[in-house]
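**Q** Chains D and B supply the protein sequences, listed in that same order.
Take 1 as the starting number for the first sequence in the numbering used here and just add one per residue.
Take 1 as the starting number for the second sequence in the numbering used here and just add one per residue.
Hints were generated in silico from the structure; no laboratory data involved.
Bear in mind the structure is a predicted one, so any value in this text is a computation, not a measurement.
Any given hint could be a false lead.
[Said to hold, decoys possible] Below are the SDA-like pairs computed for lysine to any residue, each with C-alpha atoms no more than 25 Å apart in a straight line:
#1 D:Lys109 to B:Gly40
#2 D:Lys57 to B:Leu45
#3 B:Lys17 to B:Tyr50
#4 D:Lys76 to D:Ser27
#5 D:Lys92 to D:Glu14
#6 D:Lys109 to D:Gln19
#7 D:Lys92 to D:Ala12
#8 D:Lys92 to B:Lys18
#9 D:Lys92 to B:Leu11
#10 B:Lys17 to B:Gly51
#11 D:Lys105 to B:Arg96
#12 B:Lys31 to D:Thr8
#13 D:Lys92 to B:Lys17
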Amino acid sequence: GQNIDQPTEMTATEGAIVQINCTYQTSGFNGLFWYQQHAGEAPTFLSYNVLDGLEEKGRFSSFLSRSKGYSYLLLKELQMKDSASYLCAVGKGSNYQLIWGAGTKLIIKP
Amino acid sequence: EADIYQTPRYLVIGTGKKITLECSQTMGHDKMYWYQQDPGMELHLIHYSYGVNSTEKGDLSSESTVSRIRTEHFPLTLESARPSHTSQYLCASRARGSQETQYFGPGTRLLVL
C-alpha cells in the first residue's frame, strides 16, 4: 500500500530552526514535494526532491533519502508568517499523481 | 505566479440542489485535478484529467462528475448536494514533465444545509 506519515503539530520559537519529518511507503516513487498551506488557503509549492540529498532554497531546505523512505523540511530563522501547515506529498506512477500526507501544523511563538 | 481560478469562493446551498464548481487556468496545462479537503485533514483526489476529453476518478469515492471539453476549463458538478458534501474543494493544474509542480486555485468552501 501507500502511506505518508508526518507529525500532526509542532511548536517553535521565532528566529529558531525547525525540522519537519516525513516518512513514506509507496510504489512507483518519482519525487517528493513539500507544500505550505496557511489556514483557509490553498497549498503553495515549496520544494521538490527526486534525488537523495539536500536542496536549499533561501530559508527553507528539503532533504530526501530514497532508501529510507524519508524526507525532512528544514526552516531557518523562523518568522511569525511561517505559522502554517506543511504538507508532504509523494509523486508516483507514470502520470505523477501526488499522494498527500495529512500535514504538520507549525505554530511559531514569539 | 500561477493563474488558476475557482468560482464561487464560498457557497451555501440546500440539500438536493445541483451545483457546479468552476475551475479555469490560463497556463495551457494539460493536467488538472480536483481535491476535497476537510479542515486539518489531507487532500483527497476525487477527479483528474490529462487533457481534453480525458477524465478519471481519483482515490476518494465521490458522487460528483467532471468534464474537460476545453484545456483551460475543468468544472465539477454535484447533481444533488447533501450535507456530507460540505467541504473545501481545491482545483489544481500541472504542466508536463516530472518536475512540474501542481498549482492550486484558491478553493471553494461548500456548505450544504
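**Q** Are the Cα positions of D:Lys109 and B:Gly40 separated by 25 Å at most?
**A** holds (20 Å)
**Q** Is D:Lys76 close enough to D:Ser27, meaning Cα to Cα at most 25 Å?
**A** violated (32 Å)
**Q** Does B:Lys17 lie within 25 Å of D:Lys92 when you go C-alpha to C-alpha?
**A** violated (36 Å)
**Q** For the pair supplied as a hint, D:Lys92 and B:Leu11, is the alpha-carbon distance within the 25 Å limit?
**A** violated (33 Å)
**Q** Could you grab the alpha-carbon distance between D:Lys92 and D:Ala12 and see if it respects the 25 Å cut-off?
**A** Measuring from Cα to Cα gives roughly 32 Å; hence the hint is violated.
**Q** With a cut-off of 25 Å on the C-alpha distance, tell me whether D:Lys109 and D:Gln19 pass.
**A** holds (16 Å)
**Q** Do the alpha carbons of B:Lys31 and D:Thr8 lie within 25 Å of each other, as the hint requires?
**A** With Cα atoms ~30 Å apart, B:Lys31 and D:Thr8 exceed 25 Å; violated.
**Q** Does B:Lys17 pair with B:Gly51 here, judged by a C-alpha cut-off of 25 Å?
**A** Measuring from Cα to Cα gives roughly 29 Å; hence the hint is violated.
**Q** Given the hint that D:Lys92 pairs with D:Glu14, test it: the Cα-Cα distance must not exceed 25 Å.
**A** violated (35 Å)
**Q** Hint check: D:Lys57 vs B:Leu45, CA-CA at most 25 Å. Holds or violated?
**A** The given pair, whose Cα atoms are some 28 Å apart, is violated under the 25 Å limit.
**Q** Given the hint that D:Lys105 pairs with B:Arg96, test it: the Cα-Cα distance must not exceed 25 Å.
**A** violated (31 Å)
**Q** Is it true that the CA of B:Lys17 sits at most 25 Å from the CA of B:Tyr50?
**A** violated (29 Å)
Hint check: violations occur at hints 2, 3, 4, 5, 7, 8, 9, 10, 11, 12 and 13; the rest are consistent with the structure.
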